[in-house]
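K.L.:
What follows is the residue order along each chain.
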Amino acid sequence: MNGRTVAVVGGATTKFGVRATTWSELAQEIGAALFRAVPDLRARDVDSLFVGAAMPERLAFQSHVAPLAAEQMGIRPTRVIQRTELACASGQSAIRSAYAAIASGLSDIAVAVGVEKMNLPSMAEANTAMACVMDRAWDGPAGATAPPFFAMVAQRHMLEHRTTEEQMAAVSEKNHRFANSNPNAQFYEKTFPRDKLLRLPVVAPPLRLGDCSSMTDGAAAVVLASEDVVRQFPGPKAWIRGTGQYSDFHNLAHAGSLTEWPGLKRAASEALEMARIGVRDLDFAELHDCFSISEIVEYEALGLCAPGEGGRFVEDGRSDLGGDIVVNPRGGLLGCGHPLGATGIAQAVEVFEQFAGTVPSARQVPNPEWALVHNLSGSANVHSVMVYRRGRAA
Amino acid sequence: MSRERRRTRASVALPVVPETPEVPVPPAAPAPRRKKVVAEAPPPYLLDFFPPETEAGTRLVRFFDRLREGRLSTTRCAKDDLLHWPPRTACPRCHTEELEWVDLPDRGRLYAFSAVLAGAPQGMERDVPFAVGLVDLDGAPLRLFGRVDGRPWNELEIGATVRVESYEVPDGRVFYRFRAIG
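Chain order of the listed sequences is F and V.
Take the first sequence: its position 9, counting from 1, is numbered 9 in the numbering used here, and each next residue is one higher.
Take the second sequence: its position 53, counting from 1, is numbered 447 in the numbering used here, and each next residue is one higher.
Bear in mind the hints are in silico, worked out from the structure with no lab data behind them.
Where is the CB? At the ideal position from N, CA and C, for every residue including glycine.
Mixed in with the good hints there might be a few duds.
With the C-beta cut set under 10 Å, the calculated list includes, among others, these residues of chain F facing chain V [unchecked claim]:
1. C132
2. L209
3. Q232
4. P236
5. S247
Computed spacing ranges between beta-carbons, pair by pair [claimed, not checked]:
6. V/E519 to F/L106: 39 to 49 Å
7. V/Y561 to F/S361: 56 to 66 Å
8. V/K473 to F/G278: 13 to 23 Å
9. V/G576 to F/T22: 26 to 36 Å
10. V/D474 to F/G278: 54 to 64 Å
11. V/A407 to F/R36: 46 to 56 Å
12. F/P307 to V/A512: 25 to 35 Å
13. V/G544 to F/R79: 50 to 60 Å
14. V/A484 to F/G278: 52 to 62 Å
15. V/S560 to F/T164: 46 to 56 Å
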């Protein structure tokens with residue numbers, strides 16, 4: 001890896017859910033939470049701010065959100081201030097941009113924050129905003145949104161690999177169970193046993209409500225520091241050791257087989273090679289379970305199991321605590337909700353807290369050393385991956 | 395320090411506004427009963443999913459003119475022997491802007507499908523439930539996404555034959571969709 005090494009030295013999230021609050025208020029709330037969570041952080045030391053926000057123009061009728069977020073958070077960036085937009089991966093995009101700025105020497109201490117306000121009085125209006133993620137002029141008129149697309153992935157996976165609705169429910173059950181140890185999760189203290197999940201209404205066949213992540217309001221932030229200034233933060237660290245990204249297509253005509261995600265394979269190999277580890281070295285992974293079927297395809301694309309074996313992998317508990325690798329101990333997008341710009345950053349917060357050993361024991365991965373974070377965006381046409389290694393407190 | 399910034403730093407204690415005690419709100423007069431009006435007008439421009447189709451807004455007018463005649467067409471790069479979808483103004487491989495137009499087959503087979511039973515965008519709520527699918531065109535290396543009409547979603551099957559159709563949207567624009575026929 002070229003350039004300076006970069007560590008995540010702390011982070012925070014707000015409560016995720018249907019929040020009676022505005023975009024700006026969420027930015028203030030995460031600013032307050034971040035400075036509480038990272039007492040060694042002084043606002044004047046933050047030279048750069050990267051703001052992950054997928055669609056504030058549609059959902060909050062607000063552009064130019066980076067300086068707005070800076071003002072809400074009480075930060076005056078002097079080096080880089082920008083918004084990163086990559087739909088569902090806007091948050092990870094902010095972290096990768098902060099990483100690149102620090103590695104290059106442009107920035108020393110950066111904050112990556114993600115804010116999304118998705119619940120509007122009119123859900124049809126919110127759905128309209130979401131539908132713009134697709135190729136609006138060509139796929140949009142048919143009514144293309146995420147649920148029917150991932151439903152077709154599930155349909156093909158069921159046909160080609162005999163994956164079952166029960167196996168998809170097993171993903172959702174596991175992630176909701178983990179979310180029950182995360183008070184900031186949208187579905188905290190809500191239980192979803194498999195039989196209940198299988199009775200929920202169908203949204204886009206074969207996907208039921210419990211197979212789909214929800215429309216969520218929330219924010220998350222992390223602080224990143226270069227190796228040269230990291231001594232200002234004597235606490236635990238999560239060092240960025242690898243990253244990879246691949247953009248395969250956009251129009252749904254080019255989605256290929258649906259059940260193989262070569263873009264994820266490529267992005268993950270690049271990130272793992274950069275970190276000089278293999279997928280078996282990972283202790284846990286935060287994978288983009290926007291739909292239950294996504295997590296199943298991701299096990300396979302990452303090489304955690306053979307192609308077609310993803311359903312059995314989760315059913316046999318191999319992605320659970322005590323299995324081969326713990327997947328989505330935070331509660332995933334299914335359990336935490338999916339405020340687009342905040343999701344990738346909340347995943348990084350989970351990595352930091354898992355390494356620091358500060359999460360509740362119900363989801364603590366024993367003595368983790370390596371973690372992978374994955375986000376897909378749109379119709380799984382872009383994959384973004386980061387690999388983190390635990391750094392001990394000074 | 396600028397004057398303005400100094401002014402925002404209150405050096406004198408400002409009076410604290412006491413919490414207002416909750417005053418019971420008198421019940422409002424009942425709203426007059428109105429006939430529910432369903433908006434028939436299309437959503438504002440750019441809240442509508444259909445693309446611009448005239449010379450004022452696109453260089454692909456030819457696609458929509460042919461579609462109006464019931465023909466689905468697209469661009470092809472003769473140099474690269476590359477069929478595009480959607481139709482383009484520049485080839486993504488060699489970047490030439492000299493492209494030819496070809497008609498596409500009007501039949502295909504369902505590769506995958508689902509349906510929107512909830513969560514439809516604005517302007518499509520009245521269509522719910524509706525089926526969508528990916529269709530492998532017969533005799534062309536293209537798999538197109540579109541609305542699938544002609545049969546309820548739970549009676550569709552992978553491999554079902556569909557026909558390409560054009561249809562008019564309320565403001566006179568046209569678009570394509572599939573109709574299950576076998």
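K.L.:
Given the hint of 56 to 66 Å, is the C-beta distance from V/Y561 to F/S361 inside that range or not?
P.N.:
holds (58 Å)
K.L.:
Verify the CB-CB distance for V/G576 and F/T22 against the hinted window 26 to 36 Å.
P.N.:
violated (52 Å)
K.L.:
I want to verify a distance hint. Is the separation of the beta carbons of V/A407 and F/R36 within 46 to 56 Å?
P.N.:
violated (26 Å)
K.L.:
With respect to the beta-carbon atoms only, verify the hint that V/G544 and F/R79 lie 50 to 60 Å apart.
P.N.:
58 Å Cβ-Cβ, so the 50 to 60 Å window holds.
K.L.:
Verify the interface restraint on F/S247: the C-beta must sit less than 10 Å from at least one C-beta of chain V.
P.N.:
violated (13 Å)
K.L.:
Would you say the C-beta atoms of F/P307 and V/A512 sit inside 25 to 35 Å of each other?
P.N.:
Given range 25 to 35 Å: holds, Cβ gap about 31 Å.
K.L.:
Do the beta carbons of V/A484 and F/G278 sit within 52 to 62 Å of each other?
P.N.:
violated (41 Å)
K.L.:
Less than 10 Å between beta-carbons is the criterion; does F/P236 satisfy it with respect to chain V?
P.N.:
violated (37 Å)
K.L.:
Return holds or violated for the Cβ distance of V/D474 and F/G278 against the range 54 to 64 Å.
P.N.:
Hint violated: Cβ distance 38 Å, outside 54 to 64 Å.
K.L.:
How about F/L209: closest beta carbon in chain V under 10 Å, or not?
P.N.:
holds (8 Å)
K.L.:
Could you tell me whether the CB distance from V/S560 to F/T164 stays inside 46 to 56 Å?
P.N.:
violated (39 Å)
K.L.:
Minimum Cβ distance from F/Q232 to chain V below 10 Å?
P.N.:
violated (26 Å)
Violation of the numbered hints given earlier is confined to hints 3, 4, 5, 8, 9, 10, 11, 14, 15; the remaining hints are satisfied by the structure.
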